[in-house]
Structures are given as C-alpha cells and as structure tokens.
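Undergrad: Chain by chain, the residues run as shown.
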Amino acid sequence: MEIVYQGQTTYVQTAGYDLDPAKPSVCFVHGAGMDHAVWTLFVRYFARNGYNAIAPDLRGHGRSAGAALTSIEACAQWLLGLLDALALGAVGLAGHSMGSLVGLQAAADGADRVRALALLGFGYPMAVGAPLLDAARADDHAAVDMMTIWGHDFGAQIGGHQVPGLSITNITKRRLEAARPGVIYADLNACHTYTGGEAAAAKIQCPVTLILGDRDRMTPVRGAREFASRFAHASVEMIPGCGHGMMEEKPEQTHRALVKTLAS
Amino acid sequence: MSGPRYLGFDTLSLHAGQRPDPATGSRATPIYQTTSYVFDDAARAAGLFAVARAGYVYSRIANPTVSVLEERLAALEGGVGAVATASGMAAIHVAIATLVGAGSHIVSSRALYGGTHNLFAYTLPRFGVETSLVDPRDPASFAAAIRPNTKLLFAETVGNPRGEVLDVEAVANIAHAAGVPLIIDATLTTPALMQPIALGADVVVHSLTKFIGGHGIAIGGAVIDGGRFDWEASGRFPQMIARDPGLNELDFAEDFGPAAYIMRVRLEGLRDFGASLSPHNAFHLLQGLETLPLRMRRHCDNAQAIARWLATQPAVEQVSYAGLPNHPDHALAQRLMPKGCGAVFSFVLKGGRAAGRKFIDALQVFSHLANVGDAKSLVIHPASTTHARLDAEALARAGISEGLVRLSIGLEDAQDLIDDLARALNASQK
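These protein sequences, in sequence, are chains Y and P. Number 11 in the numbering used here belongs to position 11 of the first sequence; there are no gaps in the numbering. The numbering used here runs 1000 ahead of the 1-based position in the second sequence.
What the hints contain is simulated information worked out from the structure, not anything from laboratory work. Source: prediction; values computed, not measured. No residue lacks a Cβ here, since even glycine has one placed at the ideal position from N, Cα and C. Keep in mind that the hints are not guaranteed to be accurate.
Stated by the list, open to error - If the Cβ cut is set under 7 Å, some of the chain P residues that face chain Y in the computed set are:
| # | residue |
| --- | --- |
| 1 | L1007 |
| 2 | A1016 |
| 3 | G1017 |
| 4 | R1019 |
| 5 | A1050 |
| 6 | A1062 |
| 7 | E1070 |
| 8 | E1071 |
| 9 | A1082 |
| 10 | G1227 |
Please take these sequences and the hints and turn them into a complete structure.
TA: The following block contains the structure:
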C-alpha cells in the first residue's frame, strides 16, 4: 500500500492485507539499493498467519519517493515515525545488511516499539571498501557487479535457488540496477560512516537474533559473532553454505530463523 | 571493473543450476522422476500453496531436474529466471498467453517458423488475438503497426529460411517507447551466439529441441525473463499490477519485482495450461547444454565453410547465409553475432522442384527430415515436402522458390559434407 508520510509517497508492502491494530506486527527493512520485494515470501507468510506484516521501501527506494536518507540514524528515525504513522504497536523487527543497522538503531531509539530484533547479514562496523564506495559514488555499474558477486556465496553464481527456476545473482543484479542514481552510494556511505553500533547495542533489552551466512563475504561472521556479546539477550542463527544474501540464497533456512525470532 | 568477475559462459553451460546432489553426492543432475513432493508438516504445505515458502509441490508447476535446466538457461541468457516447457511452441504459447487476452494485438516479424506463423495467423484469432506481420528488416514497420491494444512485439533472431537478421536493439527501443515488451525467439542462435536480453529484449523463448538439446532426442522449450520490463509504467498489463484472486492474491509486479513475469508464467501458465517439461527430457537437454558453446563453434565453422563453397557452385542460384558478405544483413550479423551466424540456412538450386527432389535423393550423409539443430546434418526441400501442396505462384508468395533447399549443418567433417553436397548437386542437374 502507499501512504503519504513526511510529505512523501511511501510504499509499504503488506501482501494485500489491511493492517489491524489488534494483531501482533512484524516489520522487515531491506538493505542497500534494494526494496521491499526481497521480503515477499516472509511478508506473505506472516500476513497469512495472523500478523500485520510490513516491508517498507525506505525513502528514495523502490516505490517510495524522495531522496534517500544519508545516515543510519536518520533511517531509524524515519522507520520509527512510519510505525507511528501506521499505528502499529511493538513490532518484531528484521533488517538485512544496511537494514540491520537501521533495525539496530531503531531498537535502541524506540525501545518500546521493538519487541524482538532480527539482524540478518549483520556486521559492525560495516566498513565499505574504497573500490565499491568509489564505484557507487560514480553510479558505475561496477558497484552493482561487486555487490552482486560479493553479496552472495560463490556458489550462488552456480545457482540452486529454492524458488524453482530463479537466478539468485541475476535477480539481485536487476534490483540493484533499478536503484535510482545516487541511492546505492547514499546507502553504502551511511553504512560506512555509522558509528553508533556499540551505544545502540547497550540500550537494547529485547531479544536479538543474528541470522548469519557462514560464507558471508560482505559482512564476515567473525565480527558479528563478537558483536553479539554486546547485547543483553542475543543468539546467533548460522545458515550453512550461505553468503550475505540469505533471503535469495537460503529462503527456507531464513524463514525458519525469522519465525523463531519474530513470532510473538 | 576493479573487482570480482562473473563466471564465464562455458563454465555456466556446465555448472549453472546444479551443485552435487546433497543426499548422494551425484555429480550428474539426478532425474527426479516424481509427480509430487512430501510436505514436512501442515504449516509448510500451507506456506507452499500460499506462495509464502520456497519449494516444490507438484511437477506440473516445478520439478528439481527441470529447475536445473531452467536456472542454467537463465544464467546463460542473463535472465532473472526461466520456465521450461514441453516444446518450443508451448514456450511461445505460454510466453504470449501470459500477456494477451481477447481483444489484444501482437506485432510480429513475418519471418517466422511455420508453427509460430500458424499460431499467429490462424489459431490466436479464434481466441480474439490479432497479429500484424511486418518486415523484420524494417524496424520502423514494427512501430507503425503498434496499436493501443498491442501487448507485445515478437521476432526471431534469425529468420528461416532466408536468414533475415533482426536488429534487436532497434526493435527493443521501439517496443519500449510504446510501453510493450519485446519477445525474441532465439532458437537458431542460442545464447552461445547472441544474448538478446543484453541487447534490450525483455523475454527470450527457445525451442530446446534444436541446438540447445543438440542431439535430436528430446522435445522441449523455455521462456526466459530479462527482468527489466516495467509492467507498472506500461499501463497495458492490469494482470501484472493488481492482486489476483485466482492466483493467491498475488500482485506480481509488486511482490516479485524483476521476477514478476516469469513467476506469472509459472504460477498461471504451467498451472492452467500445463505444458510442463518432463524431468527425463530435461536431463537429456541438460546434457546438450553442457557442450553448447563447443558445438556452436563447430556448427558455425562448418556452416560458414559450406555456405562459401555452395556460393561457388554453378548448380546453385543463390545462398542465403548472413555469414556471407553478399547477404543483405551481413554487417548487422557481424555486429550482433561475432562468434558466428548459426548453422541453418538455405540455398536455391537451379532446376526447380524436380532438381530439388533429385538432390535430396542423392544425399547420403545429410538426413532428410523436418528438424534443425541436430548434431547431424539435416536437409529439407520445402517444395516437395512441407509446402508440396503449393504451386509455384503460391510458393513465391510464401517467400519460397521451387528450388529452395534448407540445410542444418551438423558437426561432421566439413569436407565430408561438401563431398556429399557435391554428389547431390551433380545428380540434381542430370
């Protein structure tokens, strides 16, 4: 559905369901250069199982208008405001990659708004290499290629999508190609310059699950594992044979981890 | 690019879509000869039926062996996904049926495989779908034929039998300016010679029966989605941009983004029309795909040598092969197909219908049959077979002369093929 939020047309995927304040809610936040469609299977599952399930397009992404926000903190505030605008209670919040940083910050800033937090493809700090950042700044297709290749386990190029007949890497590539000029750079730079992770983690009291691919080349698991100890209540769900793009690479394993984490 | 690189075409031909079977370690793709799949529990079953979980339900919709073939084709064509079908015609039908309905209009090149021509000219009109046939060598003719109810442009990469080469980029630009997708039948070129999606096409269809299978043993087809067409912006496809009560309340563009079209082809097209590929045929077609780049190089080398030789023969009036400098599309072919112009072409024999019959009967290495794209060389004389009922005037209207012979050049020693043709040419003129 589309709403006007902060003066901008804002798209929120609900799988066609109306939101019901009486239901528990889950919210999914996409990563850099992406949009809501990375979450479709999961939104449809939760929506059909008694939840308000939403996956917004962050400002400037997908079907949401406006310029992309340039910091993780601004994205987190935007997200919390959106949850207010939608009159949702405390949500189970899941974020992928850049979305995981947004989720982390939002859970810290809006402690009463997040009842459970799932951080997928998470790393902190989320430093972005100069070649990728430079290519993104120049809107060079090389940025799309680097994110497509490094954003999955090597085997993803071979394939084996659990949704029959789909190409893991080519879908990711098309999504990134569809990002408006400047958006990928804004997102990557927001990740690169984010320094609030430790402080945010210290504030979070809800249960946190890090859902990680053991072959993640964008946000290697060692750093995420170490960071997990900063949360009051954290666990790690490791997906074997999976890179950074677990929603495409291992949707069934991701589904199970998300249900375990977000179900109220 | 200062960074990683994608796997190359030859590697993808061998590996894409399949990793060693996790249950058994089988290196070759297992044949999952099953109709259906046991659900782990009720919740997973419900999720699969609701398109809220990933996996298999019923082999009419998807099968693991077939999926390997589909992913491999998507990888080789640069598409976001593919759906394999029971035949090439089934692929064309489902590719089109996903987009059209009664009252729709298609603009197509008139240089078409006969089966496709029949579909457009005779069968689809019974369902209220009209097609305008235009000159593939004149991209502007596509633009001129587009109407408010036009749903797609359709063409083949290389026409048969005259070898017209389509300027895919030019026609794709025309299609997109009008907000309609371009569907390309790339059967005769295969992704080894041309990748239409990279040139701007939105959907590619194949008869896998031909060069991709490559051995004349299995019928199959495929639809591959480029994933770039903007269904929302087009405004011509309400079925792609609204929640569909007949399809689990899916809004394909909204829910699947770049995979919107191919998901609808599978979830509606295979579910409702049912022209799915058997896993056994998928296995055979996969064996062909593994050697596609190697075979296409040899096919093209042989075809080029034979076309060049035929052009020097006194019994031959004309050779229509885009690899020859005197072909009207030679320059375009060099640009679009630098690795070769394929291996199906025609020539015109002096002496008309009678000479054609003598020529066919004298061949000993070429096989006389109605197919193309086999590893073995094939030949057919339309005036005495597929078009035998037509007189000379009617043949001319169909663009076929009485002495026209179509060749599909195989992988034999080129000199053996030339010797066989030389014997037959000699016999044809007696």
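Undergrad: Next, verify each hint and record whether it holds.
TA: Results for each hint:
no. : hint  : in the structure
1   : L1007 : 5 Å, holds
2   : A1016 : 5 Å, holds
3   : G1017 : 4 Å, holds
4   : R1019 : 6 Å, holds
5   : A1050 : 5 Å, holds
6   : A1062 : 4 Å, holds
7   : E1070 : 4 Å, holds
8   : E1071 : 4 Å, holds
9   : A1082 : 5 Å, holds
10  : G1227 : 4 Å, holds
Checked against the numbered hints listed earlier, the structure breaks none of them; every hint is satisfied.
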